[in-house]
Amino acid sequence: GQWSRVNTFLSQFVASLSLSNIELAVFFNGCNEPARTREWIALQLQRREKISNVLRHLANKGTPPPKVWWIAPSCLKPALRMALRNLNVPVFVTMDDHRQEVIAYCRENSCHAIVADDAEYIAFNPPRYFSARHLKLTYKGTLESNEYII
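Going left to right, the sequence shown walks through residues -25 to -1, 1 to 125 as mature numbering (1 follows the signal peptide of the UniProt record, and there is no 0) numbers them.
No lab work stands behind these hints, which were simulated from the structure alone.
You can take every hint at face value.
In the DSSO-like style, the derived pairs of lysine-lysine whose C-alpha atoms are separated by at most 30 angstroms in a straight line are: (1) K111 to K42; (2) K36 to K25; (3) K111 to K25; (4) K115 to K52; (5) K42 to K52; (6) K52 to K25; (7) K42 to K115; (8) K111 to K52; (9) K42 to K25.
Owing to the predicted nature of the structure, the values given are computational and were not obtained by experimental measurement.
Construct the entire structure; sequences and hints are all you get.
Structure representation (structure tokens):
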């Protein structure tokens, strides 16, 4: 089913990176940053509204909702961590300030690039910055993304 497709995609993704001699380290935000509480609350309210729209749509029309209303399941992050660890990808969960810990790791380990979906990384002057939102694994097994030149 869908979980099998996720695992297949991740294994192809990791294999594609390995063929290009790219080492992958994945960071998950495990922080509860007090300065970002309002941002988190706003995001939760947006998600709740989308879920309400989906349930209302299902009750009224009985058809699948539009794809723009898709919400990731709450278990997605732990499931992805487990799947990536199973593929021998180093997985980290940050404990203090997520962005600073990612940048510190990059500097300590001489990383060549960051793939993320947060413009705040640009303030830390990363070596190269690629868009996670535009990251695409093609059917040919190649990776495509947009690089933001800083």
